[in-house]
Amino acid sequence: MARVLLTRLNKKYDETHAVKDVNLEIRDREFVVLVGPSGCGKTTTLRMVAGLEEITSGEIRIDERVVNDLPPMDRDIAMVFQNYALYPHMSVYDNMAFGLKMRKFARDEIEKRVRQAADILGIQALLARRPRQLSGGQRQRVALGRAIVRHPRVFLFDEPLSNLDAKLRVQMRVELKRLHHRLETTAIYVTHDQVEAMTLGDRVVVMKDGLVQQVGEPLELYGLPANLFVASFIGSPAMNFAEVAVAESHGVLWAEAAGLRIRIPPKKQAALARYAGQRVTLGVRPEALRVATGADAADHAFDSTVEVVEPLGNEILLDVRAGANLIVARVDPATRVKVQERVRLALDPERLHFFDAKTEAAI
Amino acid sequence: MIEGAKWRKWLWFYLPLAMFILGLLFPFYWMVVTTLRPDGELYRPWNHAQYAPFWTSDPTLDHVKNLIQETLFGVWMWNTMLIALVATLISLLCGVIAGYALARLRFRYAGLLGTGIFITYLVPQTLLFIPLAEIIRNYRIGDTPWALILTYPTFLIPFCTWLMMGYFKTIPKELEECARIDGATRWQAMLYIIFPIAVPGILSAGIFAFTLSWNEFIYALVFLSSPEQKTVPVGVVSELIRGDVFYWGPLMAGALLGSIPVAFVYSFFVEHYVAGMTGSVKG
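Protein chains in written order, with the numbering used here: chain A, 1 to 363; chain B, 1 to 283.
Just to be clear, a hint being listed does not mean it is correct.
[Stated by the list, open to error] Derived pair list, reagent style DSS-like, types lysine-lysine, alpha-carbon separation capped at 25 Å:
(1) 177(A) <-> 268(A)
(2) 173(B) <-> 12(A)
(3) 358(A) <-> 267(A)
(4) 12(A) <-> 208(A)
(5) 173(B) <-> 101(A)
(6) 208(A) <-> 101(A)
These are calculated hints, taken from the structure and not from any lab test.
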């Protein structure tokens with residue numbers, strides 16, 4: 001059990017500044033996910049916490065202790081790697097026991113812990129095998145087992161599920177979550193998959209170009225993205241964006257673009273007042289759109305042409321064109337529309353997002 | 001169609017393969033036949049009625065007896081074995097550690113150093129033996145096994161280093177990182193994780209180094225002079241070719257017996273050696 005504190009953490013390689021001034025507190029027993037596109041610095045941050053990467057500047061504390069100069073072995077952490085990193089010349093049992101042997105645990109204690117971990121993960125039958133005789137999912141379990149036998153203070157996960165096929169990934173995701181509830185160990189998890197981030201994290205840290213974009217609970221990131229990048233990264237299908245002009249008429253602000261004229265909801269009026277006459281980016285999630293009925297107010301609806309229909313069973317994704325903008329709408333599965341048909345879409349005014357066109361920050 | 005395919009396979013696969021094998025094995029065959037052939041048959045002119053160069057009707061072990069009793073062949077074998085083994089061990093030790101450092105540790109000029117080591121390997125021995133002879137004379141180790149034990153590593157270490165560097169690079173870095181997180185120091189991670197995985201690479205480097213030292217000729221010829229210090233390749237040639245007289249029987253017997261240990265080493269480690277050449281196991 002431990003708290004991890006990153007303070008103004010930086011990593012510079014010869015020419016790239018991989019991690020820039022990261023400040024982050026990971027609370028005791030918390031499951032924090034670092035997510036972002038490749039090259040955003042998330043893995044480098046994790047490796048610095050692990051002690052595998054030198055810190056250019058800044059500080060890492062585990063509990064109250066500064067660990068900057070501690071070798072990995074003295075940090076009391078365990079790490080699960082993307083390619084499992086099982087020792088090929090050792091049996092599953094020895095793989096799991098290695099960390100304990102290195103730490104000079106008594107033989108029966110090692111045995112007890114390995115059996116216990118194997119029970120939790122359901123790999124008792126595999127203990128005598130070699131890694132190459134295991135399937136991908138089994139290897140992943142062994143890698144997890146190797147981490148949990150140690151009862152470390154912090155778990156580090158570096159994209160542990162990305163080498164698994166889609167079905168197994170979903171299954172292991174659930175198991176990881178269950179495991180975390182059971183073990184209650186502080187965990188830092190790196191992934192590029194926003195679904196994994198949202199489903200696993202108590203809190204999610206979105207990174208891009210070495211900078212932390214936003215830290216928050218999954219629904220907070222989804223509902224109140226701090227900037228355009230977070231808005232586009234979180235959620236699938238991704239949020240729709242349109243360049244609009246903010247125009248004032250009769251004391252009310254409107255967002256206008258070709259084929260689009262939407263009244264800005266009262267809550268946002270004040271914030272957008274200083275953008276009157278300027279351009280901003282309007283964001284609306286596919287699930288905030290639906291096919292309009294007669295009851296929908298005209299100032300929260302727009303006309304569009306259907307270009308692609310993607311029926312998924314529980315929902316239908318409509319790719320429509322409104323003016324110059326391509327928009328995805330997530331609509332009721334009972335909706336019957338055809339390609340090239342004109343359709344009127346209504347949007348939920350409470351779920352509109354506005355972003356500064358230059359800084360890309362949320363307004 | 002199927003008939004045609006079979007015919008093609010014979011022409012393009014089995015035939016070239018057979019020729020290749022024949023070409024490779026013929027010298028060995030010739031060596032064996034010459035060893036077993038009595039002198040009378042050996043020096044029979046080509047137009048003799050019973051001229052039969054490719055087999056013998058009257059095999060004998062006279063040449064082998066002659067070689068062992070008349071020359072210091074046993075001593076040469078012992079010398080060669082000792083020198084090859086010690087030189088190989090020294091080179092392996094240095095090569096494995098240097099290869100690991102060049103493949104894994106990030107330090108300035110690592111790439112440059114790797115290339116530098118490779119270039120030293122490219123300098124031909126026929127050039128190097130001249131300055132080396134000077135050094136050996138200065139240290140007064142000429143005509144002792146040390147002259148070779150200490151000079152063979154000059155070409156074996158670069159060779160082993162380069163080979164091991166390539167092999168270490170195929171072992172995923174995460175294995176070692178994981179070991180270090182698991183509580184191993186860098187040395188322990190090397191010892192318990194990386195070296196056991198690198199055994200095929202180490203073995204093939206060792207086999208090659210051993211063979212190179214076993215067959216080495218120039219240094220052995222230049223640095224050793226007394227018959228009881230010589231190695232097999234030099235001993236056989238210098239003691240069994242006298243002027244323009246070639247004692248073909250004992251010469252071939254010496255070559256045959258001399259190649260047995262190498263053949264034995266190869267066949268013993270063949271599986272590891274193939275793995276070492278084709279890359280490591282996947283984690």
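Which numbered hints turn out to be false for this structure? 1 and 6
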